[in-house]
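With the hints as your guide, set chain B onto chain A.
2 protein chains.
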Amino acid sequence: MAGTLELEKQHRCFGGTLSYYRHFSDCCQGSMQFTLYLPPQAKDKSVPLLWYLSGLTCTAENFTVKAGAQRLAAEYDFAIAAPDTSPRNTGIPGEDESWDLGSGAGFYVDATVEPWSSHYQMYSYVTQELPTLVIENFPLDADKQSIFGHSMGGHGALVCALRNPKKYQSVSAFAPIAAPSQTTWGQNAFKAYLGDDTKFWAAYDAAELLNTQTLESEILIDQGTADSFYQDGGLLPEKFAEVCEQAGQKIKLRLQDGYDHSYFFVSTFIQDHFQHHAQYLQ
Amino acid sequence: MAGTLELEKQHRCFGGTLSYYRHFSDCCQGSMQFTLYLPPQAKDKSVPLLWYLSGLTCTAENFTVKAGAQRLAAEYDFAIAAPDTSPRNTGIPGEDESWDLGSGAGFYVDATVEPWSSHYQMYSYVTQELPTLVIENFPLDADKQSIFGHSMGGHGALVCALRNPKKYQSVSAFAPIAAPSQTTWGQNAFKAYLGDDTKFWAAYDAAELLNTQTLESEILIDQGTADSFYQDGGLLPEKFAEVCEQAGQKIKLRLQDGYDHSYFFVSTFIQDHFQHHAQYLQ
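Chains as they are written, first to last, in the numbering used here: chain A, 1 to 282; chain B, 283 to 564.
Treat the hints with care, as some may be off.
[Stated by the list, open to error] Listed next, the in silico SDA-like pairs over lysine to any residue satisfying Cα-Cα at most 20 Å (straight line):
#: 1; chain 1: A; residue 1: Lys166; chain 2: B; residue 2: Ala356
#: 2; chain 1: B; residue 1: Lys291; chain 2: A; residue 2: Ser267
#: 3; chain 1: A; residue 1: Lys9; chain 2: B; residue 2: Ser544
#: 4; chain 1: B; residue 1: Lys348; chain 2: A; residue 2: Phe269
#: 5; chain 1: A; residue 1: Lys66; chain 2: B; residue 2: Ser544
#: 6; chain 1: B; residue 1: Lys348; chain 2: A; residue 2: Gly15
#: 7; chain 1: A; residue 1: Lys9; chain 2: B; residue 2: Thr507
#: 8; chain 1: B; residue 1: Lys291; chain 2: A; residue 2: Ser228
#: 9; chain 1: B; residue 1: Lys291; chain 2: A; residue 2: Gln213
#: 10; chain 1: A; residue 1: Lys43; chain 2: A; residue 2: Gln282
#: 11; chain 1: B; residue 1: Lys291; chain 2: A; residue 2: Tyr230
#: 12; chain 1: A; residue 1: Lys66; chain 2: B; residue 2: Ser301
#: 13; chain 1: B; residue 1: Lys291; chain 2: A; residue 2: Thr225
#: 14; chain 1: A; residue 1: Lys66; chain 2: B; residue 2: Thr507
#: 15; chain 1: A; residue 1: Lys66; chain 2: B; residue 2: Leu354
#: 16; chain 1: B; residue 1: Lys348; chain 2: A; residue 2: Glu61
[Unchecked claim] Between beta-carbon pairs, the in silico distance windows are:
#: 17; chain 1: A; residue 1: Glu242; chain 2: B; residue 2: Gly540; range: 46 to 52 Å
#: 18; chain 1: B; residue 1: Thr480; chain 2: A; residue 2: Gln10; range: 36 to 42 Å
#: 19; chain 1: A; residue 1: Glu61; chain 2: B; residue 2: Thr466; range: 53 to 59 Å
#: 20; chain 1: B; residue 1: Asp382; chain 2: A; residue 2: Gln10; range: 21 to 27 Å
#: 21; chain 1: A; residue 1: Thr132; chain 2: B; residue 2: Pro421; range: 52 to 58 Å
#: 22; chain 1: A; residue 1: Lys45; chain 2: B; residue 2: Glu343; range: 37 to 43 Å
#: 23; chain 1: A; residue 1: Val113; chain 2: B; residue 2: Asp326; range: 52 to 58 Å
#: 24; chain 1: A; residue 1: Lys252; chain 2: B; residue 2: Asn470; range: 54 to 60 Å
No lab work stands behind these hints: they were computed from the structure.
Even glycine gets a Cβ: it sits at the ideal position worked out from N, Cα and C.
With the rest of the complex left out, here is chain A:
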């Protein structure tokens, strides 16, 4: 039943509560998981909500275990919501066959091409259905939402923010796929989910979106220089920064010497991202 939340697991953490929920998604026509951390202060008042979008192969859980985010959420007085990276067990043939398409690889788009379009509506899920659901059910301040993410989730965060400048007060990303139409895995995903006509890809390409939309807030991006996906041209943060400059979009792109693509990189710099969002949320 749409809207009904099933609590699967719950842990006390840094004085707050980390919960794993499951619910039926109307958008994705299936059962979806997400995690929600409520800081101690949420007992007494509505708190700002920071969205985190994960990367390829991740679930709603990885971030909660690896990023060290709960400590900071408790300190900054933010809730953090993290959706799964795709629908699962949809019955779409081949959904589990590739690590970069189908399960774990929804790319935060609303698919328009069969067979994916019947379930893979992650953009609407992440920007509409899930925010409505959590804001209805928890002490969250709907006017104070920001978004960040890692890799495919960094791409998702940039796209969600640029397309919804009033909904999200700020955005940041760790090693995002920053210009997906120009990368192999972006092209593969967009072809499968959106079709061959590249004019339909622009709505899900942060670098393209900057042609028509900029944000008032500065964008923060961290990128490790030892990240093999970066070295192989799968992320392209400099291209994105170039477009930002042309568009007059404030951006801080930080190249972090010797860091790779892992959560050891994310955890090292996540405090700076909380600080970044705190400028706009507090």
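Okay, now just chain B, sitting in the frame of chain A:
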């Protein structure tokens, strides 16, 4: 070949380096893994070494991913070494059949009973062979070592510290199996590894060791009250604290309301444990 270190993985993390090593252990007569985090300051000088022993079913990796320890190690200027929880792939029949005996469940004892005794020499490995190896190979201050651990690893840390009061400057534990001879899983493991005669168990039971040995440093123990293993009598921290009091051993046992047995509990309180050890190591 004994003493040869094979680097399997390495990540930059909080300005330092997290490495996963494999080597041949003479004690355990087989290939063993351990992890080592060196803080940024280790580039210039020898640093104190904090040992972490993990719980049942864990590998050398879990702690590095889940505990949030690297941030603190960089801040406090400590290295952290974490061994695996048992030998693996030894060929001992049934070694992988139980989650609480054999692989992942070495209990930090030197087994005396066949078939385990041929490989399961975790006490000597953790207190002798591995310290010698890492101190020879890395910029570590041999005179500044402390030890902590979680669950089975909390038991291990208490035993190692009480039996080697000059080697380890301090000890702490998260939800330790604090009086293993009085718990079901302690009894199962000790019977298998040490035999039926309980007089041989005392050397690996922290509560028993206090009859003959106390430490100058205070012992810190954190225990979550919502921990099902605690509730079911599998940990017995209060019994341990009682024996400490009788023996004149300083102890701080903190019951943490609503926390469970997970790393969400460990990560919440690990900063206090660093602070505890810093009193003795800095």
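Kindly indicate which numbered hints from before are broken by the structure, ordering the numbers from low to high.
Those not satisfied are hints 1, 9, 14, 19.
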